[in-house]
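Engineer: Start from the sequences, fold in the hints, and give me the full structure.
Keeping their order, the protein sequence lines are chains F and S. In terms of this note's numbering, the first sequence opens at residue 1 and continues consecutively. In terms of this note's numbering, the second sequence opens at residue 1001 and continues consecutively.
Derived from the structure by calculation, the hints contain no laboratory data. One or more of the hints may lead you astray.
[Unchecked claim] Pairs of lysine to any residue residues, derived as SDA-like cross-links and limited to a Cα-Cα distance of at most 20 Å, are as follows: (1) F:Lys57 - S:Val1029; (2) F:Lys42 - S:Leu1048; (3) F:Lys42 - S:Tyr1032; (4) S:Lys1049 - F:Arg96; (5) F:Lys42 - S:Glu1088; (6) F:Lys57 - S:Gln1002; (7) F:Lys42 - S:Pro1040; (8) F:Lys42 - S:Leu1112; (9) F:Lys42 - S:Asn1041; (10) F:Lys42 - S:Ala1087; (11) F:Lys42 - S:Thr1110; (12) F:Lys57 - S:Ser1027; (13) F:Lys42 - S:Gly1043; (14) F:Lys42 - S:Ala1086; (15) F:Lys83 - F:Arg109; (16) S:Lys1058 - F:Tyr100; (17) F:Lys57 - S:Asn1041; (18) S:Lys1049 - F:Gly98; (19) F:Lys42 - S:Tyr1039; (20) F:Lys42 - S:Ala1001; (21) S:Lys1049 - F:Lys83; (22) F:Lys57 - S:Ser1028; (23) F:Lys42 - S:Gln1108; (24) F:Lys42 - S:Ser1009; (25) F:Lys42 - S:Ser1003; (26) F:Lys42 - S:Thr1113; (27) F:Lys83 - S:Thr1055; (28) F:Lys42 - S:Ser1027; (29) F:Lys42 - S:Thr1005; (30) S:Lys1049 - S:Gly1059; (31) F:Lys42 - S:Ile1111; (32) F:Lys42 - S:Ser1073; (33) F:Lys42 - S:Val1011; (34) S:Lys1049 - F:His29; (35) F:Lys42 - S:Lys1058; (36) F:Lys57 - S:Thr1113.
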Amino acid sequence: EPEVTQTPSHQVTQMGQEVILRCVPISNHLYFYWYRQILGQKVEFLVSFYNNEISEKSEIFDDQFSVERPDGSNFTLKIRSTKLEDSAMYFCASTRTGSYEQYFGPGTRLTVT
Amino acid sequence: AQSVTQLGSHVSVSEGALVLLRCNYSSSVPPYLFWYVQYPNQGLQLLLKYTTGATLVKGINGFEAEFKKSETSFHLTKPSAHMSDAAEYFCAVSGAGGTSYGKLTFGQGTILTVHP
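Structural biologist: Right, dumping it as structure tokens:
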């Protein structure tokens, strides 16, 4: 069964450093999403992406964040200058046209020290 | 705007007992509703969804949920709990179409503990 994959599973970085989180959505899916879950809190929407552009972003998704689909398979989330409060589990999700069923990856745990 | 409230951050049941996890939503458009399960150190797995049609929906692992528009609720139930059901459960809502296509708004989550 096809699945969403994410790398790395765990990323440790120092405050102020740039990080790139990578996701490979399911191959025939066209809508892509990033969510985050700070420890002990709810899962929060960050951004949705369709047709090579951002469809919607939350207020969390400020200028420090960017997303890109650099090729036909990868979908990345970049944080330019990480802050301590960026420490969280980041989930990638994808869905196909006409479906509202989002498939989630296993997540990347980002720890900012 | 959409929101989800899950009543009870922790629910504890005995093995074999009824599981009831409560979810109420708020949505300005017809909602699509979902329950996801998260096992420790894993991602989110879809249990079931309501989009249109029958208001009682069945999902994996014996779970089901009923969409009640008048009560703005989408409670998750399972007749008989199993030890393997211990996990965190999230209710989520999305709206149909527009720029919010598929964007999920999650509740706070309910941790289900199952005692032998």
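Engineer: All the hints need checking, so say for each whether the structure fits it.
Structural biologist: Status of each hint after checking the structure:
| no. | hint | result |
| --- | --- | --- |
| 1 | F:Lys57 - S:Val1029 | 19 Å, holds |
| 2 | F:Lys42 - S:Leu1048 | 19 Å, holds |
| 3 | F:Lys42 - S:Tyr1032 | 19 Å, holds |
| 4 | S:Lys1049 - F:Arg96 | 15 Å, holds |
| 5 | F:Lys42 - S:Glu1088 | 11 Å, holds |
| 6 | F:Lys57 - S:Gln1002 | 15 Å, holds |
| 7 | F:Lys42 - S:Pro1040 | 15 Å, holds |
| 8 | F:Lys42 - S:Leu1112 | 15 Å, holds |
| 9 | F:Lys42 - S:Asn1041 | 15 Å, holds |
| 10 | F:Lys42 - S:Ala1087 | 15 Å, holds |
| 11 | F:Lys42 - S:Thr1110 | 10 Å, holds |
| 12 | F:Lys57 - S:Ser1027 | 18 Å, holds |
| 13 | F:Lys42 - S:Gly1043 | 13 Å, holds |
| 14 | F:Lys42 - S:Ala1086 | 18 Å, holds |
| 15 | F:Lys83 - F:Arg109 | 14 Å, holds |
| 16 | S:Lys1058 - F:Tyr100 | 16 Å, holds |
| 17 | F:Lys57 - S:Asn1041 | 26 Å, violated |
| 18 | S:Lys1049 - F:Gly98 | 14 Å, holds |
| 19 | F:Lys42 - S:Tyr1039 | 15 Å, holds |
| 20 | F:Lys42 - S:Ala1001 | 17 Å, holds |
| 21 | S:Lys1049 - F:Lys83 | 36 Å, violated |
| 22 | F:Lys57 - S:Ser1028 | 19 Å, holds |
| 23 | F:Lys42 - S:Gln1108 | 5 Å, holds |
| 24 | F:Lys42 - S:Ser1009 | 11 Å, holds |
| 25 | F:Lys42 - S:Ser1003 | 12 Å, holds |
| 26 | F:Lys42 - S:Thr1113 | 18 Å, holds |
| 27 | F:Lys83 - S:Thr1055 | 44 Å, violated |
| 28 | F:Lys42 - S:Ser1027 | 18 Å, holds |
| 29 | F:Lys42 - S:Thr1005 | 11 Å, holds |
| 30 | S:Lys1049 - S:Gly1059 | 8 Å, holds |
| 31 | F:Lys42 - S:Ile1111 | 12 Å, holds |
| 32 | F:Lys42 - S:Ser1073 | 19 Å, holds |
| 33 | F:Lys42 - S:Val1011 | 17 Å, holds |
| 34 | S:Lys1049 - F:His29 | 18 Å, holds |
| 35 | F:Lys42 - S:Lys1058 | 24 Å, violated |
| 36 | F:Lys57 - S:Thr1113 | 35 Å, violated |
The structure fails hints 17, 21, 27, 35 and 36 (numbered hints given earlier, in ascending order).
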